[in-house]
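Numbering of the sequence shown is given in the working numbering, commencing with residue 105 and proceeding in unit increments.
Be a bit skeptical, because a hint or two may be false.
[Claimed, not checked] In silico PhoX-like pairs for lysine-lysine, Cα to Cα no more than 25 Å straight-line: (1) K253 <-> K287; (2) K253 <-> K231; (3) K316 <-> K338; (4) K287 <-> K361; (5) K316 <-> K153.
No lab work stands behind these hints, which were simulated from the structure alone.
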Amino acid sequence: MNRYIRVVESMRGINLLGIVFILIFANVWHVSAVTNHALIILEPVSYAKVTVLVDNNPFKEGMSTAWGISMYVETSSDELLFDAGPDPKLLTKNAEKLGVSLEDLNAVFISHGHGDHVGGLEALVGKKLTVYIPTDKALAEYVRSLRFKVIVLNETTVISRGFISTGPMYGPPYEQALGIYVKDLGLIVLTGCSHPGVENIVRYLHNVTGLKIYAVIGGFHLIGANERRLEEVKKVFEELNVTKVYPIHCTGDSARKYFKEELGNRYGDGGVGLELEFTAHNSSMIKG
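Throw the hints in and build the complete structure from the sequences for me.
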């Protein structure tokens, strides 16, 4: 914006129509430059499994719920925890009930620094783990106090085979989302709270990779959203031909009901205990 202001100030003698033309041209040039940027190349994984360890929505009988989110991701090459929920005891308890071993983790990916996403990290103290976080000084200090290796992601980054972070989007709070590229399917997108807008997240990952968005799982931050807002999100899911949508955490009951009615087979129920498997050539498979 400052560049545009300088251009206008240096050309005060030009009439209003001329200034408008300059501004439009500058914006078109900027959009063209972004659109024509080289795509980020990801090496796919042949298999990915996502298990919801913590959520405020019930799904599998016998699981404990709490406001927050945590998902365990297992691929053909890595095992990663996406967010940690609000409480270490809850994370450990639900993981044990679901047969998930936190001992096998390679890394932790934190979407943003809110307590319902990072409180459970204390369950992992003593393990040699790398924790990927977005730009957030207080969050970095907290994670380092737990003696984990911290990697602050300031931009879109491929963090491992098949895994890509959006990098911090908008903010505050600065939030990152995670994409997992499964061969023959496309990107599985995990979101914490989608403060930047879930539609902006999925569109961005599609634009920078050129890959199909196969599934979106996580919090969509739509509690209290009106129908116009929900329709905006739905249209992007349809525009990008997203195969499956699993709205949990902060999506809200009304929004979940809306997507269930409007998206048909694209919609999937979710909550604590949801297990999804994604394999090359095969659709996702839900385990109850």
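Each hint tested on the structure:
The suggested pairing of K253 with K287 is violated, with an alpha-carbon distance near 30 Å, which exceeds 25 Å. Only pairs whose Cα atoms come within 25 Å are accepted, and K253 paired with K231 is accepted, the gap being roughly 10 Å. Proposed proximity of K316 and K338 is supported: the alpha carbons are some 16 Å apart, at most 25 Å. Under the criterion of a C-alpha separation no larger than 25 Å, the hint pairing K287 with K361 is inconsistent with the structure, at around 31 Å.
At most 25 Å may separate the alpha-carbon atoms for a hinted pair to count; K316 and K153 meet this at roughly 18 Å.
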